[in-house]
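Engineer: Protein chains in written order, with my numbering: chain A, 12 to 228; chain B, 2 to 152.
Hints in this document: simulated from the structure, not taken from any laboratory. Please note that the accuracy of each hint is not assured.
Derived contacts from chain A toward chain B, CB cut-off under 7 Å, selection only [stated by the list, open to error]:
#1 E47
#2 G50
#3 D54
#4 S167
The beta carbon of each residue, even a glycine, is placed where N, CA and C say it ideally should be.
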Amino acid sequence: MNEDAPDRLREDLAFCGLIAADVSHELRNVLSVIGEYAGLLDDLIGLAEQGKPADYAKLRKLSANIARQVKRGTETMERFSRFAHAADGQTSGFDLAALVENLAALLQGRVSLAGCRLEAELPAQSLPVRGDPFALQHLVFLSIQWVLDSLEKGESVRVKLLPQGPAAVICVSGPAAGGGADRVRQQVAAAAGGCQGTIETAWANGILSLTITLPIH
Amino acid sequence: MDKNKAQVMPNQKVLLVDDEPEFTQVLAQRMQSRGVDVDTATSGHEALEKVKGSSYDAVILDLFMPEMDGIQTLQHLLAESPDLQVILLTAHATLPTCVEAIKLGAMDFLVKPAEIHQLMERIQRAKANKVLLVQKQVEEKIKSILETRWG
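Pulled out of the complex, with its shape left as it was, chain A reads as follows:
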């Protein structure tokens, strides 16, 4: 049995827990807004019961606002579902562009809480690759976290995905004072073992970057 397996499992679980917590926070915010709209509706009904004429334009706007929040919550759940299903196991092929786009969207809140921005540059077309989609998600997350840990407030993490010949290249970069967390490098290297590709880390001209290259299927 692989001696590192319990640690890897724990790190994978911690990663899932982090994303679940972020999704939970976002959904709680959505429900809070819907709750306040429901309260406002109750207040308006109370006024109508006291004889004030109903303002139908206001009610229609209220209805539209609630529908918009429901859409926001639904989108968050769909993204979380796509994230979760990546753990279903290795597949014969998956769309790398869709996976990175989904992960970047899920991490926007986390990056924003750190006072930074996440900028994703993604191709319009799909990029089919082979491998373990969950491991790749974890790897990209660690890369973003690694760069984020080095940023000052107001700075940006850049995630760029593009096809380069027979390969797809993911580059995660951001301004950094220099150096890097050895432990995170080890985690990144360990997570990279689940992907069929190469991984390089670099720091040059004040930019910290991590490049993952995968063969296109």
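We have chain A already, so just place chain B on it with the hints.
Structural biologist: Same frame as chain A, now just chain B:
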């Protein structure tokens, strides 16, 4: 009587701080319909600026905000105005964080989504606390004057 429909509270001035603008807007509207004078801020920095310029009976503060989180904002607010009554309103009620906030000087906390009557009760209590603090300060000042005059 529906407890959410009661509690008209004039002469209360409150600052509502949350980075979710729609939540802030709607909650402010509901509080204003109950007679509360509400200012809003979408960040800790904005909250600090508003507290410097005004006197609030209570500040309702979200725990999780970008750049300056609720705990940092709480510390800065109380440094600026030590008697300020701060009520945390948070979607993330992890007990250690809330205990930390109370130890740092927050008055109370509520978990989102909180019912409006719960919030209004806390605001009423904040106002009462503030009145007591002012009374205490006045008493101490009078005592100090008397002691200076007559030993």
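Engineer: Name the hints, by number, that the structure is in violation of.
Structural biologist: As far as the earlier hints go, only 4 is violated by this structure.
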